[in-house]
Amino acid sequence: MTRQRRRREAAYTEFVLARQTHLRRIAYAVCGDWHRAEDILQTALVKAYVAWPRIEPGREEAYVRQIIIRANIDEHRRPWRRERPGLPRIDPPARTELPLEERSALLDALHGLPVMQRKVVVLRHWLGLSVEETAAELGIATGTVKSHSSRALVALRSSLDRSAQAEH
Amino acid sequence: MNLAEELDRAIGNGPTNRPLTQRLAAGRRALRRRAAAQVLAAVCVLAVGGVILSTTMDGITTSGDIASEAAQSSDLYETIPPQDRRTEPKLSRQAPIGLDLAGNLVVLEGVLVTRTIQNPMNLTPPGYSMGVMFQFEQETFWRLLHVDATSEGAVFAEGLPRDQTFDEWVSGASEWALKNRGSVGG
Numbered sequence: 001m002t003r004q005r006r007r008r009e010a011a012y013t014e015f016v017l018a019r020q021t022h023l024r025r026i027a028y029a030v031c032g033d034w035h036r037a038e039d040i041l042q043t044a045l046v047k048a049y050v051a052w053p054r055i056e057p058g059r060e061e062a063y064v065r066q067i068i069i070r071a072n073i074d075e076h077r078r079p080w081r082r083e084r085p086g087l088p089r090i091d092p093p094a095r096t097e098l099p100l101e102e103r104s105a106l107l108d109a110l111h112g113l114p115v116m117q118r119k120v121v122v123l124r125h126w127l128g129l130s131v132e133e134t135a136a137e138l139g140i141a142t143g144t145v146k147s148h149s150s151r152a153l154v155a156l157r158s159s160l161d162r163s164a165q166a167e168h
Numbered sequence: 001m002n003l004a005e006e007l008d009r010a011i012g013n014g015p016t017n018r019p020l021t022q023r024l025a026a027g028r029r030a031l032r033r034r035a036a037a038q039v040l041a042a043v044c045v046l047a048v049g050g051v052i053l054s055t056t057m058d059g060i061t062t063s064g065d066i067a068s069e070a071a072q073s074s075d076l077y078e079t080i081p082p083q084d085r086r087t088e089p090k091l092s093r094q095a096p097i098g099l100d101l102a103g104n105l106v107v108l109e110g111v112l113v114t115r116t117i118q119n120p121m122n123l124t125p126p127g128y129s130m131g132v133m134f135q136f137e138q139e140t141f142w143r144l145l146h147v148d149a150t151s152e153g154a155v156f157a158e159g160l161p162r163d164q165t166f167d168e169w170v171s172g173a174s175e176w177a178l179k180n181r182g183s184v185g186g
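Residue numbers (the numbering used here), protein chains in the order written: chain A, 1 to 168; chain B, 1 to 186.
Next comes chain A alone, as it looks inside the complex:
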């Protein structure tokens, strides 16, 4: 292995060990499925590995995050993603969701939002990015970020209220 390759792998390894958990949580926040989140993260990390020499130092996380955020997370809703591998009742499902009780009402409300609103909430209200940074990350106008943010917060509040009322 060349010295350049060793340097690349050392830096990449350090980055992955430090940030993979956080990046996978972002993927999960956006897609709502840990296994799908792992796939999205893996795809993003592979792209980052290939592009590593071209990524500006200090921008590695933003690079991977942008790939995650821009991933087509609705792919699993397409008909060809609905197949169920294995024989029914014989083969156990390869992927299982977390038990229902581990999911919070807030998370359910978040994943009930339209995709773009969900992404805006994750970037703007969880990761704390500015409107401009969120707009750049999503590739949309700042005005669009604001409107998505406003509608998302209203929808979240409404959803949480309904959830609270149902509990009582």
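Just so you know, the hints here were simulated from the structure itself, not pulled from any lab data.
Any given hint might turn out to be false.
[Stated by the list, open to error] Computed list of chain B residues with no C-beta within reach of chain A, every gap over 12 angstroms: (1) Leu-3; (2) Gly-50; (3) Ser-54; (4) Ser-92; (5) Ile-97; (6) Val-107; (7) Gly-110; (8) Leu-112; (9) Thr-116; (10) Asn-119; (11) Pro-126; (12) Glu-137; (13) Glu-139; (14) Asp-148; (15) Glu-175; (16) Asn-180.
[What the hints assert, rightly or not] Label-pair distances were calculated between CB atoms; the ranges are: (17) A:Gly-112 / B:Ala-42: 48 to 54 angstroms; (18) A:Glu-132 / B:Val-51: 48 to 54 angstroms; (19) B:Ala-37 / A:Glu-56: 22 to 28 angstroms.
Heads up, the beta-carbon is just placed ideally off N, CA and C, and yes, glycines get one too.
Following the hints, position chain B against chain A.
Quick look at chain B alone, frame taken from chain A:
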């Protein structure tokens, strides 16, 4: 409610991460795939370029090609028998003799050729000329016939010149024909 903190708590950490070795292996595979794709793309570009160049060169005629074609034409001319290269000239009572384009003398039935002078105009192949003295329907005629790839013609003697021999007449007619080639009908 602090939304960021609530979200952070709600999202949790999920299952354990994939082993680092898998991440690295996937990255290396992708790098190898990309390198292979680049090599393949380069090969494709070269192949397409070669095909385009080859196709383009097919349409270009170089001076060497022209010389080669000319040589082939010349060979063809020399190897094909003259009688195979030309159709017979149209003969009639007004024009009972003629040259085919290979320079062969063709005569109408009843013509008696008494003398010929071969190529007095010194035409180069495929051109050819011939001075012909002949008898037809009990009369004597002098003719200078010439033919080349693009035209054919004849010079007729107005009667039989008394002050010239046949050779002198053919010589003079040849000079005249060379000056007026193409404008003399045969």
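Okay, the hints, checked on the actual structure:
In this structure B:Leu-3 is not separated from chain A by more than 12 angstroms, as the shortest Cβ-Cβ distance comes to only about 5 angstroms. Listed as outside the interface, B:Gly-50 is consistent with that label: its C-beta sits roughly 30 angstroms from the nearest C-beta of chain A, beyond the 12 angstroms cut-off. The non-interface label for B:Ser-54 is consistent with chain A: the shortest C-beta to C-beta separation is roughly 36 angstroms, beyond 12 angstroms. Chain A leaves B:Ser-92 outside its interface by the beta-carbon criterion, the shortest separation being 87 angstroms against a cut-off of 12 angstroms.
Look at B:Ile-97: its CB is around 89 angstroms from the nearest CB on chain A, clear of 12 angstroms, so calling it non-interface holds up. The beta carbon of B:Val-107 sits about 89 angstroms from the closest Cβ of chain A, which is more than 12 angstroms, so the claim that it is off the interface holds. Listed as outside the interface, B:Gly-110 is consistent with that label: its C-beta sits roughly 94 angstroms from the nearest C-beta of chain A, beyond the 12 angstroms cut-off. Every CB of chain A is more than 12 angstroms from the CB of B:Leu-112 (nearest about 97 angstroms), matching its label as outside the interface.
Residue placement check: B:Thr-116 keeps its beta carbon more than 12 angstroms from all beta carbons of chain A (closest about 89 angstroms). Consistency note on B:Asn-119: stated as away from chain A, and its beta-carbon is indeed over 12 angstroms from all of that chain's, at 81 angstroms minimum. Annotated as non-interface, B:Pro-126 keeps its C-beta farther than 12 angstroms from every C-beta of chain A; the closest such distance is 71 angstroms. Every C-beta of chain A lies more than 12 angstroms from that of B:Glu-137, the closest at about 98 angstroms, which supports listing it as non-interface.
Remark: the non-interface label on B:Glu-139 is consistent with the geometry, its nearest Cβ contact in chain A lying 101 angstroms away (cut-off 12 angstroms). The beta carbon of B:Asp-148 is kept farther than 12 angstroms from every beta carbon of chain A, the shortest such distance being approximately 73 angstroms. The Cβ of B:Glu-175 lies farther than 12 angstroms from every Cβ of chain A, with a closest approach of about 85 angstroms, so its non-interface assignment holds. Every C-beta of chain A lies more than 12 angstroms from that of B:Asn-180, the closest at about 81 angstroms, which supports listing it as non-interface.
In this structure the supplied range 48 to 54 angstroms holds for A:Gly-112 paired with B:Ala-42, their Cβ-Cβ distance being about 49 angstroms. In this structure, A:Glu-132 and B:Val-51 meet the distance hint of 48 to 54 angstroms, their C-beta atoms being roughly 50 angstroms apart. As the Cβ distance of B:Ala-37 to A:Glu-56 is approximately 25 angstroms, the hint placing it in 22 to 28 angstroms holds.
Of the numbered hints given earlier, the model fails hint 1 alone.
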